[in-house]
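Chemist: Sequence:
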Amino acid sequence: MKLRKLAKDPGSNTGECPSVYVAEDDPAVMVVQGKYLDADTTAQLQDILDDETAVRIPAETMVLAVEKYLAERERA
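Just so you know, my numbering puts 30 at position 30 of the sequence shown, and the rest follows in order with no gaps.
Derived from the structure by calculation, the hints contain no laboratory data. Just so you know, these numbers come straight off a predicted model, no measurement behind them. There may be inaccurate statements among the hints.
Stated by the list, open to error - Distance condition first, Cα-Cα at most 27 Å in a straight line; then the derived DSS-like pairs of lysine-lysine:
#, residue 1, residue 2
1, K68, K5
2, K35, K5
3, K68, K8
Stated by the list, open to error - Ranges of calculated distance between the beta carbons of each label pair, as one might list FRET restraints:
#, residue 1, residue 2, range
4, D40, K5, 29 to 35 Å
5, K5, E52, 29 to 35 Å
6, V66, C17, 14 to 20 Å
7, D47, E74, 30 to 36 Å
The beta carbon of each residue, even a glycine, is placed where N, CA and C say it ideally should be.
Given only the sequences and the hints, what does the whole structure look like? Please build it.
Modeler: And the structure:
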């Protein structure tokens, strides 16, 4: 899967985290890069499988990514 970054948290001043990516070969798939959840928060997830994980990301970063995603789809 080849990824292209849609958005990065504008408030983050280190690295590329948190970020949202879209799969170039399957634009219906997004990948989120963020900080691991603590154990108490992870325990609240429902039906998480062995090959799954969750990360936290600011809502603003997700909104920026969705806005860019929708704008790119309109141009296509």
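Chemist: If a hint holds in the structure, say so; if it does not, say that too.
Modeler: Tested hints:
The straight-line distance between the Cα atoms of K68 and K5 is roughly 10 Å, inside the 27 Å bound, and the hint therefore holds. A C-alpha spacing of about 17 Å is found between K35 and K5, which places the hinted pair at or below 27 Å, so the restraint holds. Restraint check for K68 and K8: satisfied, since their Cα atoms lie roughly 11 Å apart, inside the 27 Å limit. Between D40 and K5, the C-beta spacing of about 30 Å keeps the proposed range 29 to 35 Å intact.
Checking the proposed 29 to 35 Å range against K5 and E52 shows it is violated: the Cβ atoms sit about 22 Å from each other. In this structure the supplied range 14 to 20 Å holds for V66 paired with C17, their Cβ-Cβ distance being about 18 Å. Between D47 and E74 the C-beta distance comes to about 35 Å, which sits within the given range of 30 to 36 Å.
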